[in-house]
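The chain contents come next:
Number of protein chains: 2
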Amino acid sequence: MTDWFSQHRPLLDKAIDACARRYSWSGWPESPSTKVHGEEKPAAGRAAFEAMLGNDFSLGQPGVSDWVGEEVSPYTGKPLGIRYEAPAPEALFGAIAAGRKDWAAASPQQRMGVCLEILQRCGEQLFANAHATMHTSGQSYVMAFAGSGANALDRGLEALAYAHKAMSDVPETASWERSFGGDGAACLDKRYRLVPRGVSVVICCATFPLWNTYPALCASLATGNPVILKPHPAATLPVAMVAKVCRAVLEEVGFDPNLVTMVADTRAAPAALALVEHPDTAIIDFTGSPRFGSYLEQNCPGKQVYTETAGCNSVVLESTDDLAATARAIAQSLCQASAQMCTSVQNIHLPAAGVKVAGERVPLAQVQAAICEAVDGWLADPRRAATLCGTLFDPSVTDNIARYRELAGDRILRDSAPLHYAEFPEARTASPLVIAATESDRELYRQEVFGPVSFLIANSSAEACLADATANARDCGAITSHVYSVDESFIEAAVEAYHAVGASVAVNLHGMPINFAAAYSDFHVTGLNPAGNACLADLAFVTSRFRIVQSKFMRS
Amino acid sequence: MTDWFSQHRPLLDKAIDACARRYSWSGWPESPSTKVHGEEKPAAGRAAFEAMLGNDFSLGQPGVSDWVGEEVSPYTGKPLGIRYEAPAPEALFGAIAAGRKDWAAASPQQRMGVCLEILQRCGEQLFANAHATMHTSGQSYVMAFAGSGANALDRGLEALAYAHKAMSDVPETASWERSFGGDGAACLDKRYRLVPRGVSVVICCATFPLWNTYPALCASLATGNPVILKPHPAATLPVAMVAKVCRAVLEEVGFDPNLVTMVADTRAAPAALALVEHPDTAIIDFTGSPRFGSYLEQNCPGKQVYTETAGCNSVVLESTDDLAATARAIAQSLCQASAQMCTSVQNIHLPAAGVKVAGERVPLAQVQAAICEAVDGWLADPRRAATLCGTLFDPSVTDNIARYRELAGDRILRDSAPLHYAEFPEARTASPLVIAATESDRELYRQEVFGPVSFLIANSSAEACLADATANARDCGAITSHVYSVDESFIEAAVEAYHAVGASVAVNLHGMPINFAAAYSDFHVTGLNPAGNACLADLAFVTSRFRIVQSKFMRS
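Sequence order for the protein chains is A and B.
Just so we're aligned, residue 1 is where the first sequence starts under UniProt numbering, counting upward by one.
Just so we're aligned, residue 1 is where the second sequence starts under UniProt numbering, counting upward by one.
Worth flagging that the hints you see were computed from the coordinates, not collected in a lab.
Be careful, since some hints might not be right.
Identical copies look the same in the list; a pair holds intra-copy or inter-copy alike.
Said to hold, decoys possible - Mimicking DSS-like on lysine-lysine, the simulated pairs with C-alpha atoms at most 30 Å apart in a straight line are:
#1 K244 with K78
#2 K165 with K303
#3 K303 with K35
#4 K14 with K165
#5 K101 with K244
#6 K78 with K303
#7 K14 with K41
#8 K101 with K35
#9 K303 with K14
#10 K303 with K244
#11 K41 with K303
#12 K165 with K78
#13 K101 with K78
#14 K101 with K41
#15 K41 with K165
Produce the entire structure from the sequences given, and follow the hints as far as they go.
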């Protein structure tokens with residue numbers, strides 16, 4: 001068998017080191033620039049994407065009774081015309097069972113080698129994946145290349161680093177010797193075997209289809225579990241491309257390709273519940289709505305459930321030395337990927353009496369204006385706006401904006417409007433809708449409003465800002481939280497307050513996209529508030545995906 | 001603060017090494033012999049135990065509305081007359097909340113130090129604990145000293161070794177630097193903080209009250225969670241003695257003693273459900289009946305549940321070179337602690353055509369007789385019988401024997417009878433009841449029969465023995481499984497068959513107590529069959545008892 005483990009060992013070792021010291025590192029290129037890649041590769045990737053349009057995407061899976069596909073490009077408004085396999089659950093689980101034993105019996109190194117090779121090959125189709133992601137999730141080309149490429153692959157590698165650590169913690173053999181009373185020494189040879197839990201179902205989301213898929217896939221597969229990928233009907237292609245790579249790699253080294261399968265479905269006939277409820281399913285990874293995530297957390301006893309859902313991410317702006325820079329940092333989060341990221345901020349808490357700027361109190365209205373102007377600043381250049389905002393992945397996001405515009409009435413600080421992209425005149429776009437709010441609007445902002453809708457919330461004081469923001473994190477979830485302050489004691493209190501409700505917090509981030517979550521460095525999702533029950537990734541993300549059985553033999 | 005972490009570091013390091021290489025080691029003495037300890041310590045321990053009889057056992061806990069106690073010595077038949085605190089849940093949880101923050105804020109090293117000191121001090125009361133365990137759980141003095149002393153403490157230390165590994169995997173700080181586009185480098189200082197999950201409820205069993213209590217207590221407390229101990233009404237004293245040590249150690253270094261509490265209850269008014277259902281409870285460790293264990297596994301969504309219940313542990317005897325030795329090994333398991341151990345075997349599967357012994361087939365009846373004679377051999381010397389068998393912890397065990405004697409009718413191969421202990425003429429005892437069975441008696445042996453009741457099951461072939469035993473492990477659970485065979489291919493098939501149903505297996509154990517589970521070496525319970533959902537201990541036993549929150553600060 002090809003020794004992929006040895007071949008990719010340096011990459012794995014680097015990832016393990018990065019996880020231990022948590023510095024900035026990426027195993028893949030983040031820029032799609034032709035300066036880095038030349039002209040040929042980007043063009044070939046685009047051509048590969050275009051060649052898939054209008055065709056059936058065959059994975060050669062068993063039990064395929066139906067083909068489905070309802071993806072529509074948010075850039076062109078046109079259906080992709082691709083159909084995917086919708087295998088019948090019973091036939092699928094039956095077929096999966098056939099290959100389970102061999103995969104379970106493979107050594108951790110063999111399985112790690114296969115997973116590392118899968119990531120490598122996915123890394124070779126980043127250009128095609130970028131186009132596939134653009135025209136399903138609606139991301140901009142740059143975001144689709146980096147965020148859904150390198151950054152997502154890094155998260156898969158990060159999960160592999162943890163899986164390797166957890167599996168390596170169990171030795172393969174031991175020699176054990178002791179005496180009991182006068183019977184002489186008993187000498188035992190012991191063997192320890194890692195045993196996978198069962199079928200692992202990975203439910204992917206629409207807007208970042210691979211971001212949590214790589215870590216879940218890698219964590220489960222490396223520890224011996226077959227994986228069923230269940231993509232969102234709006235963003236199936238990027239997942240199908242990964243499934244195809246997995247199946248090819250598995251087959252190439254003589255494992256059953258059905259160890260990784262994909263079940264496409266439609267909005268009208270969702271397949272997820274049948275998959276997670278199947279008795280063979282032991283592990284569920286879910287990224288998506290808080291409603292379904294919470295249902296899975298509550299209703300799958302005996303199964304290992306990992307969720308990342310959503311929260312109402314907050315900013316508390318108490319004071320700053322540079323209001324323009326702070327406004328720019330916040331505004332970028334309101335724009336980036338049209339605020340469809342799990343790390344996008346939604347609720348910006350401001351003291352009603354204004355914000356201290358370089359020692360002087362700047363009135364609320366002026367701060368509100370600064371943030372809205374900063375949004376306009378990001379959007380001034382249409383090319384930059386297109387790269388920053390991308391599109392709205394689904395018409396429901398447009399509807400959200402319309403609904404909140406109506407609810408906001410005369411409290412709109414900055415209205416949403418379509419953005420115009422020269423290359424894609426039909427793109428579904430919207431600039432940020434910014435709404436003025438007070439604590440009496442709690443029912444509006446105490447939930448995730450998906451898309452570019454945000455609230456500048458005037459609380460009675462900086463302390464009230466913090467109290468409101470942290471109560472919302474506790475009750476409604478938070479994946480990211482930001483504090484801007486030049487007051488050390490306020491910062492300290494803010495960090496403690498966010499931590500007390502199980503939320504991580506970033507302080508005074510400027511001059512970088514504040515939505516950025518760094519693989520190997522940021523522990524993404526705490527698992528301590530309603531935005532998810534797990535961290536992707538840490539040791540806990542992998543240790544329960546396998547168990548240990550042992551055999552002991554008396555030495556004769 | 002006393003630097004217990006540094007002081008006990010060598011012990012911890014030794015435990016970590018033992019877990020990694022899994023050799024035989026114990027951190028505490030296993031023999032109660034006066035040759036090791038002198039005359040004074042054993043006598044002082046006995047005196048300490050006797051001084052507690054007939055008195056209220058005060059832990060000084062808050063919210064104590066009631067005192068309860070219904071322990072009766074299985075050796076004397078007399079009530080111990082000790083009453084324990086039964087705090088009202090609401091008052092208790094309220095009091096616990098007060099100390100949580102400080103404990104969570106303590107460094108992992110501080111918490112590890114406290115836990116190590118707790119184990120050390122419990123190690124200083126092993127003689128008193130031995131008497132307390134004898135007169136509640138009914139164990140013999142030797143078993144109560146070793147199995148409920150050193151061996152149990154080792155399991156606590158083992159859990160601490162894993163907790164230390166898991167917590168050490170998360171660095172405290174990191175420096176992160178990268179550039180985004182043309183904005184220059186963003187430099188972040190990051191801090192990672194371990195956050196406990198919540199209150200940890202540990203439900204202890206009657207027959208080995210500390211065996212799983214130390215690991216659960218240590219794993220939860222070291223990772224920052226307050227612990228409520230809920231002992232069995234029949235065996236409260238050993239747990240109360242541990243709780244007292246914990247509270248004293250915590251208080252001594254300025255932590256709230258209510259970080260470890262104990263809730264005594266009665267059979268008529270059990271307290272467990274109210275404790276596990278309280279919203280502050282995040283972690284549940286349970287040792288006890290499959291019925292309640294399974295209830296907790298199914299009905300505590302969102303809470304971390306670790307269970308060890310019971311199964312029907314099996315022996316498959318295919319062939320042996322020394323029938324007498326094999327019979328002696330099996331018979332010892334039927335006698336030891338009156339088969340009230342989680343590792344006691346119950347179902348001995350024999351090929352109906354007989355067992356190959358040194359190449360010759362010995363008829364079934366002769367094998368049955370050899371096992372029964374071996375039981376008699378172990379019991380011939382009354383002193384040895386007392387040390388080996390101890391007593392029946394509860395009258396229900398006597399009832400079990402009576403019930404199965406009636407069900408067995410004329411299939412009794414060896415009848416149960418009282419054992420006579422010179423020192424304790426009133427002791428509740430019973431020698432093993434051994435019943436001949438075939439597969440038509442499946443409803444009898446496909447469940448745990450608690451106490452010294454076993455079945456010599458004649459299956460149609462060695463392969464049928466294995467098929468029956470492994471199906472029972474899969475459906476009804478197994479904590480230990482044994483195979484005796486001199487046929488390498490049968491051994492290999494047996495190991496695979498047991499592993500396939502999530503059961504560990506021991507092969508050809510002779511000349512040692514086959515019930516013995518070695519801390520640091522045996523992964524106790526696989527978590528893959530109905531006998532429990534967790535391993536005590538491995539990394540998975542600790543990693544989900546805490547989460548990680550982070551803060552990041554832009555470097556100015």
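Right, here's what the structure says about each hint:
Taking CA atoms no more than 30 Å apart as the test, K244 paired with K78 passes inside one copy only; the shortest distance there is 24 Å, against 71 Å between copies. In this assembly of identical chains, the alpha carbons of K165 and K303 lie at most 30 Å apart whether taken from the same copy (23 Å) or from different copies (26 Å). In the homo-oligomer, the alpha carbons of K303 and K35 never lie at most 30 Å apart, since the shortest distance is 48 Å inside one protomer and 52 Å across protomers. Proximity of K14 to K165 under the C-alpha cut-off of 30 Å is found in both arrangements, the shortest distances being 13 Å within a copy and 20 Å between copies.
Taking CA atoms no more than 30 Å apart as the test, K101 paired with K244 passes inside one copy only; the shortest distance there is 22 Å, against 49 Å between copies. Taking the shortest Cα distances, K78 and K303 never come within 30 Å of each other, neither inside one copy (40 Å) nor across copies (46 Å). Taking the shortest alpha-carbon separations for K14 and K41, only the intra-copy value of 26 Å comes in at or below 30 Å, while the best inter-copy value is 55 Å. Within a single copy, K101 and K35 get their C-alpha atoms no closer than 47 Å, and across copies no closer than 53 Å, so neither meets the 30 Å cut-off.
Taking CA atoms no more than 30 Å apart as the test, K303 paired with K14 passes in neither setting, with 33 Å inside one copy and 35 Å between copies. In the homo-oligomer, the alpha carbons of K303 and K244 lie at most 30 Å apart inside one protomer (27 Å), although the nearest pairing across protomers, at 37 Å, exceeds that limit. When the C-alpha separation of K41 and K303 is checked against a cutoff of 30 Å, the pair qualifies neither within a copy, at 43 Å, nor between copies, at 49 Å. In this assembly of identical chains, the alpha carbons of K165 and K78 never lie at most 30 Å apart, being 46 Å within a copy and 53 Å across copies at closest.
Taking the shortest Cα distances, K101 and K78 never come within 30 Å of each other, neither inside one copy (44 Å) nor across copies (55 Å). Taking the shortest alpha-carbon separations for K101 and K41, neither the intra-copy value of 39 Å nor the inter-copy value of 55 Å comes in at or below 30 Å. In this homomeric assembly, K41 and K165 never come within 30 Å of each other (Cα to Cα): the closest approach is 35 Å inside a single copy and 44 Å across copies.
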